[in-house]
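Given these sequences and hints, build the entire structure.
Chains as they are written, first to last, in my numbering: chain A, 1 to 362; chain B, 1 to 357.
The set of hints was computed from the structure by calculation and includes no laboratory data.
For each label pair, taking beta carbons as the anchor points, the in silico distance ranges come out as:
no., chain 1, residue 1, chain 2, residue 2, range
1, A, A11, B, M277, 48 to 56 Å
2, A, T136, B, P285, 22 to 30 Å
3, B, S118, A, G153, 41 to 49 Å
All C-beta atoms, glycine included, are put in the ideal place defined by N, C-alpha and C.
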Amino acid sequence: MPNPSSIKIGAAQIKLLESLCAASAISGQEGEVRKLVMDALKGHADEISVDALGNVLAVKKAAARNRPRVMLAAHMDEVGFLIAGDDKDGIFRFDPVGGLDARQLVGKSVIVGKDHVAGVIGFKPIHLTTASERTTAATIDGLRIDTGNGANGKVKVGDRAAFAPNFIQLGSGRTRTIRSKALDDRIGVATLIELVKNAPPNIELLAAFTTQEEISVRGASVAAHAFNPDLAIILDCTPAYDLPHWDGAENERYNTRLGFGPAIYTADKGTLSDPRLIRFLTETAEAQGIAFQLRQPGGGGTDAEGVHKARAGIPSVSVSVPGRYLHTAASLVRVSDWQDTLRLVHAALAAVKPSLLKADRA
Amino acid sequence: MTDIPAFLKKLISTSGLSGYETPIRETISETWRGLSDELSASQLGSLHALKRGAGPAPRPSILIATHMDAIGLMVTRIVDGFLHVTEIGGIDARVLPGQPVIVHGREDIPGMVVQPPSWLLPPDNDSGPVELGNLLVDTGLPGGRVSQLIRLGDLVSFGTQPVELGKNFISGHSLDNRASVAALTRCLDDLQTRHHKWDVWAVATSQEEETLGGAATSAFQLAPQLAVAVDVTFGKGPGSPAEKTFEMGGGPVLGWGANVHPGVHKAFKEAAERLEMTTQLEAMPRHSGTDAYSMQVAAAGIPTMVLSIPLRYMHTPVEVVHLKDIHRVGRLLAEFITGLADDFMEKLSWDGEESKE
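Following this line, the structure appears as structure tokens:
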């Protein structure tokens, strides 16, 4: 067994995460993250390829033949915008890509196109609004990206726009927190890069850095088909709704909570996790003394939705770092949860034996 | 010469909410100290900088008021480490979710305004815009640490970073009215090498967003012959009706209405013509919404003028201004001031020059 404390989140991992978060990779145009991933994997994988959907597929072989083939997936894409119209004078209309709440877009900084042209999403001055207007939520149709005179031919209809990079660390010690755009799912991408670099020898590690997760899990399905793995673990970022209830009542729908460790999925809208893998992960965590939480069963989805139904079916489970305010301009994750996620998945990979899937599903 | 864009970015990266202007007053003082002969603060927190004129004493004086206070938030309640806040100045709560802020507790703490999910909100506010009272500020810190560092009444400033939108456009919070502070600084720069007879009181006023109290009391204390409020007005841009807005980069906006003395307005227009500078005209039928409103009725009354810089998205954290407008307002102020003759006040009349003859 490897020493679980030998793999950890340090300054280098945080720096890599920051550069991943600063990239713009709206579903369908993941090139910037793809390049960072390929650079980071250089010299650490036995095979690296890019498939028809833009997924990065990396293979790290086992020390011996016929070892369990384990797929890990993390999606490279993020929610954002597609420039849909040019209103002239540096003002652009946009369409949402992925699940976005228009109320979260007002007054945000964005970067547009390959040149990362700076823009802001403005709003009508309060002085010019009526009381009834102020009780009406903003709609995406009513919002515009304003690039001043910075666009200057560098922005055209069809370009993607992302929330502007805004990575910072808050607090210290056990509760050190990272706040940034696109932590969903750059934190999974950063975790997967670490796992490829530290792949245990008992398995063949099949790493898929996927595309188009945010627009209904397009990349992961074909990656799973290509890899044809024995089992799959999906690394994502899931909402932590651990905020107080308005009247002090118990918050019964928190989904996950910051600081409680990696969130293991039992069931979401797209996937019923393989019970053997749920058991395997929880038992590994308990054996290693790693904190974990079970994500409240319910809505949402991950790449597992596409992976578990690939080919004749692939036993799958998801593990997420909990994050507050996902799909907005800035989300929050705890470094301790990230580290525990990395340790848990690493320990689990090292513990995978061919007998794992011989057990009954029940 | 002051590097105006760099100074402006510093101004909008400095806190100074209405009634608590000390940080921004210190930032402005650093630059104005070298551009004026005397510097002091008023009892209500305004910054007074005197640039003496060359005329024989006792000299008339002109007060240029640019309010330096910013809108923001204040902590009203702390629940499980999350902060409830109220507003300082007029804020549309719809601009708040997801905004980075700085909580001025026992130390400055970065935070973010957050919108709780619908099922944690009261049933009468679980859809549509979330009211200010139901939004929270999340610092990422655990509840115990928050209790040590943050108390009720602590101020919360916007934490948005300045952004350059190409050449000449700058975006950020508090450009209302730090853009005018920058314009007045440009004016003081110009006056270093230009002859002016009148004394000039460059005043960065406090509390404009709440009470106009800074300008009212500074005007009383300094008792100028003329007072000009420099502020921002609505710039043409998405979301704002075209007929209520002014061209970005279209030059200074000259106010016209009850808060504006027609003779001073005319003299400003003439100064702009001497510079061959394009100006825009803003009708201000009643309350101008600026410091001129309170300065006009200070002491026994003061002839006032309003000069404005067009600004997009007023009172949001991504206000936008055009740098050329800032420079032009500064140059126009300097031109007006250098053109003030000893007998300007004797010739000034509410009913125009004809009726004085």
